[in-house]
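Order-wise, the sequence lines are chains F and H. Residues in the first sequence are numbered consecutively from 0, following numbering that gives the first Met the number 0. Residues in the second sequence are numbered consecutively from 0, following numbering that gives the first Met the number 0.
Hints may contain errors.
[To be verified] What follows is a list of derived Cβ distance ranges for each label pair:
id : chain 1 : residue 1 : chain 2 : residue 2 : range
1  : H       : SER193    : F       : LYS117    : 36 to 46 angstroms
2  : F       : GLU84     : H       : ASP32     : 34 to 44 angstroms
3  : H       : ASN87     : F       : GLU88     : 49 to 59 angstroms
4  : H       : ASP420    : F       : THR147    : 33 to 43 angstroms
[Said to hold, decoys possible] Okay, derived cross-link-like pairs now, DSBU-like style, lysine-lysine, Cα gap no bigger than 35 angstroms in a straight line:
id : chain 1 : residue 1 : chain 2 : residue 2
5  : F       : LYS10     : H       : LYS178
6  : H       : LYS289    : F       : LYS72
7  : F       : LYS117    : H       : LYS27
8  : H       : LYS27     : F       : LYS100
Honestly, the hints are just simulated from the structure, not real lab data. Even for Gly, the Cβ is constructed at its ideal location relative to N, Cα and C.
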Amino acid sequence: MFKIRMKFTKKGYMVFISHLDLARMIERTLRRANIPLAFSQGFNPHPKISFATALSLGVSSDGEYIDIEIEEKIDIDEFERRVTEQLPEGVEIIQCMYIDKKSQSLTSIVEYSTYIVKCNVENDVTEDVIRKKIEEFLGNEEIMIYKTVKKRNKIKNKEINIRPMIKELGLIDKNDLTCIFKMTVATGEQGNLKPDVLMQKVNELTILSIVSESIRIQRLDLYAVKNNQLVTPIDISASL
Amino acid sequence: MKKLDLEELLFKVEKPARYIGNEINAVKKDLKDVNVRVGFTFPDVYEVGMSHVGMHILYYVLNKQKDIYCERIFAPWTDMEACLREKNMDMFTLETHSPIKDMDFVAVTLQYELSYSNILNILNLGKIPIKSEDRKEEDPFVFAGGPCAYNPEPLADIVDIFVLGEGEEVLLEMMDSYKKWKGTGKTKKDFLESIAHIGGVYIPSFYDVKYNDDHTIKEFEPKKEAYPKVITKRIIENMDEVEYPDKVVVPFIDIVHNRAIVEIFRGCIRGCRFCQAGMIYRPMRQKSAKTITESAKKIIEATGYEELSLSSLSTSDHCEIEGIVRGLMDEYGDKKVGLSLPSLRLDAFPIEIIEQIQKVRKTGLTFAPEAGTQRLRDVINKGITEEDLIGVVKNAFELGWTTIKLYFMIGLPTETYEDLDGIADLAGKVIDAYYSIPREKREKGLNVTVSVSSFVPKAFTPFQWHPQDTIEQFREKQSYLKEKLRNKNIKYSYHDNKTSFLEAVFARGDRRTTDVLIKAWEKGCKFDGWGQFFEYDKWMEAFDECNIDPHFYVNRKREYDEVFPWDFINVGVTKKFLEREDRKARDEELTLNCRVKCAGCGINQGLIGGECECLK
Chain F
0 MFKIRMKFTK
10 KGYMVFISHL
20 DLARMIERTL
30 RRANIPLAFS
40 QGFNPHPKIS
50 FATALSLGVS
60 SDGEYIDIEI
70 EEKIDIDEFE
80 RRVTEQLPEG
90 VEIIQCMYID
100 KKSQSLTSIV
110 EYSTYIVKCN
120 VENDVTEDVI
130 RKKIEEFLGN
140 EEIMIYKTVK
150 KRNKIKNKEI
160 NIRPMIKELG
170 LIDKNDLTCI
180 FKMTVATGEQ
190 GNLKPDVLMQ
200 KVNELTILSI
210 VSESIRIQRL
220 DLYAVKNNQL
230 VTPIDISASL
Chain H
0 MKKLDLEELL
10 FKVEKPARYI
20 GNEINAVKKD
30 LKDVNVRVGF
40 TFPDVYEVGM
50 SHVGMHILYY
60 VLNKQKDIYC
70 ERIFAPWTDM
80 EACLREKNMD
90 MFTLETHSPI
100 KDMDFVAVTL
110 QYELSYSNIL
120 NILNLGKIPI
130 KSEDRKEEDP
140 FVFAGGPCAY
150 NPEPLADIVD
160 IFVLGEGEEV
170 LLEMMDSYKK
180 WKGTGKTKKD
190 FLESIAHIGG
200 VYIPSFYDVK
210 YNDDHTIKEF
220 EPKKEAYPKV
230 ITKRIIENMD
240 EVEYPDKVVV
250 PFIDIVHNRA
260 IVEIFRGCIR
270 GCRFCQAGMI
280 YRPMRQKSAK
290 TITESAKKII
300 EATGYEELSL
310 SSLSTSDHCE
320 IEGIVRGLMD
330 EYGDKKVGLS
340 LPSLRLDAFP
350 IEIIEQIQKV
360 RKTGLTFAPE
370 AGTQRLRDVI
380 NKGITEEDLI
390 GVVKNAFELG
400 WTTIKLYFMI
410 GLPTETYEDL
420 DGIADLAGKV
430 IDAYYSIPRE
440 KREKGLNVTV
450 SVSSFVPKAF
460 TPFQWHPQDT
470 IEQFREKQSY
480 LKEKLRNKNI
490 KYSYHDNKTS
500 FLEAVFARGD
510 RRTTDVLIKA
520 WEKGCKFDGW
530 GQFFEYDKWM
540 EAFDECNIDP
550 HFYVNRKREY
560 DEVFPWDFIN
570 VGVTKKFLER
580 EDRKARDEEL
590 TLNCRVKCAG
600 CGINQGLIGG
610 ECECLK
């Protein structure tokens, strides 16, 4: 058994397929590429492919990761070439490498994502004002959101403080009414903050009047934390 | 459509991937190299249309021609329609996102009557006039084929060209004529004239219909002598030589049948008297085991599908089915490609093989006795007995199955309440069979689904003369069954009979029903096959305003000498044969399947020479 970690993009029209669709597409791609996939045992065998974290419909990404388990070792460049040939437009391999088969799963290591968020605002405020507003926003010790959680058919309203989930948030560019923000937020099992939720909160607590339909989100990369530093899932494996 | 404009819409709709195209194996061509553009239209939502194997075949056949570009068109869901209308944007194709009016042909597949209103909606969204006579020289031709084209008349004023029968050859013949016509500056009518003689082609505007005082048809006449009086359907003679797609478009989103499909034969030997497919697709023509296995290999390699399905009207009737299934299981078991065998007559197939296919995950077995008593099963020529059924079911319970589905129809000719009792009895016997097996030898959790649909008499069947039950009759029968089927092990489901009523109008409708269709669409009717959108009252208003009585088409008993709207079509099976079958039905007399004895349906006198393949 061997394990390959693959980093890839999801762009163009491919942003319109869901996480489940992506999983199915990847499996069929690997089958077409004739990759000797390893399958789970049991009633309904399925290939051992595991994702880091789901990407919302409509969000593009430069940094998606999966781990693929295979039965026989093949040359990694050969793997990349064969898979690339079969991938649809919009999904492109950035890097792949063999990792230790006992490596921790992607879901257990990923803690942060960096996003770029582009949106239009109704009120033309200067960059300085926006930066000040963001600073004030981040100055709050608590930023509460309400989340409805379904548990065993019961719908519960949960109050969550998202402030600890925001590692970084800043305006990086502004052109007329179009603003571009960059943010690093918690992602994964320990805590997950979606950029649109954060932007909605920014909108509520500042005077920016963001046009919600105009929000476009791009994920730049995923990160694990090692020695208090953010490292990508590829780098963390490479450094072992 | 510009990519940016489309993207704006995609952020607003549910399931945007319905509209993106660009799937694996979707055909890309440079429009500079293309002479003829065909918009293959399935008038339902993407997930339904993409599941249809006929579309994949014709898409492949047309696109194999360098200078033809076949693109796909599906009915936009209501949210996308609202966006298009709001922005005044045109209905578009999936491959190039071009306006559909840029096509040379809008080619519509007619799979069920309740999709007709969607055709009108798609044309309108594409800014193409709905009636043929309103379309201009620069508008595309609208052509149509598929099973419902065997009664083309309800769409006669809308469709320019119908193609009857299997399309692989006739489509290319038509395209050849089109290429000769295109650029000559001649009129669209000239083109239609040039193809009127091609076998299987029906140009409705070249024919006149006259009616009797009682509203039945008096005569159906070509406007010129040069036009054929009878249109004969097309068939592919050699199924081993016909093109079959390997590079099938693989959808990104989940669709109704999300798997590789290999066709194993066309036609059917069974001759069930209610079944249109069993008549119109005759004769039975098999693909050889070699062709099937090769197709399976190629399609799995080209798509990466994890499941393969063998498709036909009655899978177990392929002469070599057991060998084929075993071969495929040997080949693909290790590769974890699943196999599914729909339309299997379980009385005619070893259940041990099904067990091997389903291995541990026993998904349930489906049986279609269609009627509750032996008497009625004989009337409809469903040669299946209670002993057959109970025998197989018992065997299945012993092997660990617990989920059984039973399909029935109500409203069949000669049906009485005794036959309805029979449905409940049969379901009861299935339950008894389960409990007759010692507790330790059966799995827990018996689950019997009784699914009851309402019979719709169809053209070119022995029951084409029969009235459909009224909505009230259906309703009474459904609630009677509901009472009868009260049992903790039984789940009872039935169809909305108002949609069956509408289906029955168009299944045997004539040219006068076109106006009703247009009127109903104007009132907002669309997606009539989808319960949440079907608006019976609007349809009834439309009938009313057009002064058309739907009961004339649905609930009227026809005489044997009545001229039907579809009589000018030769499907190979003769009207005499259908009449003979109907008389035999009344006498509760069976007709043996074609392989045992030729029933003399007529298919081998004209369409094909000599004996049918199934007798050889």
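Taking the hints in turn, this is what the structure says about them:
1. At roughly 55 angstroms, the beta carbons of SER193(H) and LYS117(F) sit outside the given window of 36 to 46 angstroms.
2. Separated by about 24 angstroms at the C-beta atoms, GLU84(F) and ASP32(H) break the suggested range of 34 to 44 angstroms.
3. The supplied range of 49 to 59 angstroms is broken by ASN87(H) and GLU88(F), whose beta-carbon atoms lie about 29 angstroms from each other.
4. Evaluation of the 33 to 43 angstroms hint for ASP420(H) and THR147(F) yields a failure: the beta carbon distance comes to about 50 angstroms.
5. Between LYS10(F) and LYS178(H) the CA atoms are separated by roughly 39 angstroms; this puts the pair beyond 35 angstroms, and the hint is violated.
6. For the hint pairing LYS289(H) with LYS72(F), the CA-to-CA distance comes to about 34 angstroms; that is within 35 angstroms, so the pair holds.
7. Between the alpha carbons of LYS117(F) and LYS27(H) the distance comes to roughly 32 angstroms, so the proposed pair stays at or under 35 angstroms and holds.
8. The suggested pairing of LYS27(H) with LYS100(F) is violated, with an alpha-carbon distance near 40 angstroms, which exceeds 35 angstroms.
Going down the numbered hints, you'll see the structure goes against 1, 2, 3, 4, 5 and 8, while the others check out.
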